[in-house]
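Engineer: With the hints as your guide, set chain B onto chain A.
Number of protein chains: 2
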Amino acid sequence: MREVTIAIDAMGGDHGPHVTVKAALDFLQQHHDVNIVLVGLREVIEAELKSLKAESGSRLRIHPASEVVTMDDPLTTALRGKKDSSMRVTAELIKRGEADAGVSAGNTGALMAVSRFVLKTLPGIERPAIATTLPNRNGGWTYVLDLGANVDCSAEHLSQFGVMGAALVTAVEHKERPTVGLLNIGEEDIKGNEVVKQAAELLKVSGVNFYGNVEGDDIYKGTVDVVVCDGFVGNVALKTSEGLAKMIAEELKREFMRGPLSKLAGLIATPVIKRFKKRMDPRRYNGASLLGLRGIMIKSHGSADAYAFRKAIERAAEEVRGGLLRRIGDQVGALTRQEEQVPEEQVPEEQGERA
Amino acid sequence: MREVTIAIDAMGGDHGPHVTVKAALDFLQQHHDVNIVLVGLREVIEAELKSLKAESGSRLRIHPASEVVTMDDPLTTALRGKKDSSMRVTAELIKRGEADAGVSAGNTGALMAVSRFVLKTLPGIERPAIATTLPNRNGGWTYVLDLGANVDCSAEHLSQFGVMGAALVTAVEHKERPTVGLLNIGEEDIKGNEVVKQAAELLKVSGVNFYGNVEGDDIYKGTVDVVVCDGFVGNVALKTSEGLAKMIAEELKREFMRGPLSKLAGLIATPVIKRFKKRMDPRRYNGASLLGLRGIMIKSHGSADAYAFRKAIERAAEEVRGGLLRRIGDQVGALTRQEEQVPEEQVPEEQGERA
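For the record, the sequence lines run as chains A and B.
Each residue of the first sequence is one higher than the one before, starting from 1 at the first, in UniProt numbering.
Each residue of the second sequence is one higher than the one before, starting from 1 at the first, in UniProt numbering.
Everything labelled a hint here was simulated from the structure, so no lab data went into it.
For glycine and all other residues, C-beta sits at the position ideal for the given N, C-alpha and C.
Please note: incorrect hints may appear among the correct ones.
A few chain A positions that, by computed beta-carbon distances, are all more than 10 angstroms from chain B [said to hold, decoys possible]:
| # | residue |
| --- | --- |
| 1 | H15 |
| 2 | L52 |
| 3 | A155 |
| 4 | V172 |
| 5 | K246 |
Distance ranges between label pairs, derived from CB positions [as the list claims (entries may be wrong)]:
| # | chain 1 | residue 1 | chain 2 | residue 2 | range |
| --- | --- | --- | --- | --- | --- |
| 6 | B | G186 | A | E173 | 26 to 32 angstroms |
| 7 | A | K175 | B | L267 | 19 to 25 angstroms |
| 8 | A | Y307 | B | G140 | 33 to 39 angstroms |
| 9 | A | S154 | B | L264 | 32 to 38 angstroms |
Looking at chain A on its own, in the form it has when it is part of the complex (with noise of 0.2 angstroms):
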């Protein structure tokens, strides 16, 4: 296997390199063919080394960079303002070829404009997006995108989207013919918006193994391995879900301590509570990936841990093993060419069914 190397924005997220040196230091005992670059401030990173009792060397290095975007900074401030943020640096590794991908867990918008200002879209790909994934009932993961780039999405956008998620599947899962499917209000062809309807009639034709619609419950049902949808959906569903999962794990600890009959059944109890924690674990899936990029970069969850933060960094390395710029690229390049000869065939059908 030939090396790889990841280059983390080591200054983002809520905890900075307290958790991102860390986690970098426990991936790479764990993978040995896998080198990382820590970009910040060389003081600040160097003394979370010495304070885990570690330094750097030749699978670990320092590359400075003098600047932190905030949660806050306006996007303008991320774009223009901060030329030598960490997160800024991290992007022209990558573009530069000293990394393979990059990792930050620095504010979704600035890393997403500046990922796209450094870095640049893929040929064919107008919007890049962002995707993660769910567990689903099947035991397994479904991936979705958009999470919140793309508010206002046509139907080409979704259709892209759906190329790339499922060549980030194949990527990642190793499977050849992922099921794609397009979140919808219902699962007839007639159902959704006028946008909805075109990216169906966009997806069947773009190569990828198109399930047709789904709907929000598939998502954890495991019906398809990729749910496509505009970032504004997406996000809500993610949140949603976010809100229910918190909700839940509360009303049931509510009901453990609510006497001590529930409390003693709590800690009889407590092995299985423990598997059952771990399993729903959002921490277990933390990462996720700014798609149609001309590089692979992970955005982690700003308030990862280090545990968390190094699911993101294994999330990297499994997409710079997996091929997936150039997976998105042959993809995206059979659409292209299929866009090219298609036309002439669509544009009866689609008035007949005006008619």
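Structural biologist: Chain B only, in chain A's frame:
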């Protein structure tokens, strides 16, 4: 208290009279000031009453309807083909003033179309919406609308949903100034798509107690009393929640069944789990309100059992008693008067922002 009469589409839902008749009898036993009209095939309803050792009387009438709208019937069949369907006759009883409200577990799309056709919308309401309640972490309820009646909403529609949702909470929960939040993908004013941004401006001057933007997790946090969104987004949020809740319940069960020790722990924890399940039981809040019509119509879940369907009947009775229609009328009236006053002020502001 004045007597309330509720018409029930006895034939609707997955189980038809087997559930609706039982629910009606249970409801009548608990509420002595409400009359019920069971609408549908007389022989079938009478057979069901007989099997439950009950009969019709002054408080429980049967109103015949010779046809049934099935789940697969296209809208045109429900609207024009089956003019004597139990669903349509239920709506007509409301229109003629023979019932104060209706309840049906039939096809949502058909029920909305038939109700709108028969009852018409209230003055000032362009589109009716579907509202439901979801439990929140405050131990209360969050009202969410729209849930699928409208997939392409204008800012005006969203603003009207806010007004109707507030009126619903006042009528049913007796809160005088319920808070209204606009579902978005960030709390800041600049977030979201154009329609949502405009809707926020309209809600600010609508007379409702507008909180501002909320996110998906706020539904379950209970940040506001009413969450407003377009039907596509609302439907996805609801279905996603259903899917996640099912997965969590399944995982919890699986962990408790994993081995003899876990099973024993589960046995000991049974009363706790039961209380938890009861609190999370979606049957408790069965019954979505079709808002914006000149009549009160409640849509029950199609798979509702007698307990769940009774909850839907209770909701109908509460809306009648709370004076829902008058409250919506008052709020919309205030909104319309306000709109007539504000345009001169608003136009220059909007132009200023664009320049």
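Engineer: Run every hint past the structure and note whether it holds.
Structural biologist: Tested hints:
1. Look at H15/A: its CB is around 21 angstroms from the nearest CB on chain B, clear of 10 angstroms, so calling it non-interface holds up.
2. Residue placement check: L52/A keeps its beta carbon more than 10 angstroms from all beta carbons of chain B (closest about 34 angstroms).
3. Residue placement check: A155/A keeps its beta carbon more than 10 angstroms from all beta carbons of chain B (closest about 14 angstroms).
4. The claim that V172/A lies off the interface holds: its Cβ sits roughly 21 angstroms from the closest Cβ of chain B, which is beyond the 10 angstroms cut-off.
5. Non-interface status of K246/A relative to chain B is broken: a Cβ of that chain comes within 10 angstroms, the nearest being about 7 angstroms off.
6. Remark: the range hint 26 to 32 angstroms for G186/B to E173/A is upheld by a beta-carbon distance near 31 angstroms.
7. Between K175/A and L267/B the beta carbons are some 40 angstroms apart, a value that contradicts the proposed interval 19 to 25 angstroms.
8. Between Y307/A and G140/B the Cβ separation comes to about 35 angstroms, which falls inside the hinted range of 33 to 39 angstroms.
9. For S154/A and L264/B, the hinted distance range of 32 to 38 angstroms is not satisfied, since their beta carbons lie about 56 angstroms from each other.
Taken one by one, the earlier hints fail for this structure at numbers 5, 7, 9, listed in ascending order.
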